[in-house]
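So the protein lines, in turn, are chains A and B.
Each residue of the first sequence is one higher than the one before, starting from 50 at the first, in our numbering.
Each residue of the second sequence is one higher than the one before, starting from 9 at the first, in our numbering.
If you are wondering where the hints come from, they were derived from the structure by calculation, not from laboratory data.
Heads up, none of these hints are tricks.
Across the chosen pairs, the derived CB separations fall in these ranges:
1. B/22 / A/57: 22 to 30 angstroms
2. B/147 / A/205: 20 to 28 angstroms
3. B/113 / A/134: 53 to 61 angstroms
Note that CB positions come from ideal geometry on N, CA and C, so glycine has one too.
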Amino acid sequence: MDTELLTERLHLLAEDAPLPGTAAAHDIARGRRRARRRRTAITTGVVAACAVAGVAWTAAGDGAGHAADPAPPVAGNGPAESAGDELADRVVVLGEQPGSPEWERLAIPEASVRATVAVLQQHADPSSYRILALGAGRAWADLVPGTCPAAWTCSPVAVDGAAQAMLAETDDVVQVAAEFPEGSIVVTIAADDVHDVDLAYGGDDADRIRFEGGRD
Amino acid sequence: MARRDEAFAAYVAQRRPQLFRAAWLLCGDPHRAEDIVQTALAKLYVAWPRAERAQSVDAYVRRALVNSHIDESRRPWRRESSAGDDLPERGVGAPAVEEYDALWAALRALPPGQRRVVVLRHWWGLSVEETAADLGIGAGTVKSQTSAALAALRTALADDLTKEST
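All chains, full assembly: derive it from the sequences and hints.
Quick look at the structure:
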């Protein structure tokens with residue numbers, strides 16, 4: 050068979066690869082450096098987000114002090130809706146950042162992203178979270194493993210327009226993954242005291258997940 | 009951390025040669041292959057607790073290796089090598105040098121996507137579904153790329169592959 054012969058030849062070819070004599074200790078050192086860079090990037094993102102929030106808060110205070118005719122407070126659940134819209138806006142912006150060709154090809158509609166964020170907000174208060182992430186993959190299995198990792202609680206949820214969706218929660222992280230016709234996405238928010246986030250969905254592949262504030 | 013390092017080191021000691029060979033077949037350059045393996049293993053180290061817990065270490069590192077190859081091939085400063093570069097010497101009992109050269113050249117002449125499919129399916133021995141999952145493409149695409157790659161290899165190796173298969 051051609052294919053069997055090809056397999057045999059490929060193995061013979063690969064046997065002659067000039068293997069370098071690299072010690073595992075060097076791989077461990079590189080892995081530690083990468084983990085440290087990732088923690089630093091996330092911490093930097095948190096600090097930047099806090100700084101921006103602080104400036105916005107100060108500016109809002111100054112603006113209120115000079116306003117001649119301040120708007121009356123909105124009745125009902127206006128503030129909560131406003132916070133929700135802001136979170137959805139931030140996630141949409143994450144999705145619009147230039148990325149890999151794979152990411153660009155997926156072209157998840159904004160309405161799908163917002164529908165996923167809406168479900169996320171039913172299970173987490175955005176004001177108490179600082180790290181926000183959006184991941185995408187062509188296949189559902191790219192983002193959602195068959196089993197729920199230890200220490201996580203996973204359950205199916207309904208997301209508008211999604212064929213299937215899952216919620217994963219810990220004390221510090223909430224994730225919602227949803228499968229749409231164009232591809233699958235996962236939206237994550239995590240508490241600001243979580244530096245090295247172990248995610249249930251989306252892994253840490255840089256091609257498939259992006260964090261506010263940057264992540265290597 | 010110590011337990012992670014111990015388990016990771018044991019895994020690296022066992023799998024590194026295989027990862028390097030795969031990367032070498034993918035990119036055709038030993039220096040680039042080493043870069044790819046280092047990147048994939050660094051990603052694996054960071055994700056080790058999760059990958060180990062999910063019992064998907066092999067799948068994770070394989071996917072990281074392929075993604076690292078894709079990322080590496082996009083870099084403008086990557087090392088380029090011609091079809092015959094970095095071809096090691098053959099040992100005793102191996103196929104004739106011209107057959108070996110022909111396979112190497114034919115593999116290098118394949119488009120990167122087809123080469124990845126060939127390496128994953130015919131060297132790593134993955135199924136269509138596993139290959140599709142690793143590459144983030146559909147099973148149909150894997151099948152069509154496999155078919156196109158085999159046709160190209162058959163044509164390129166007509167003088168030796170088809171002779172031996174008949």
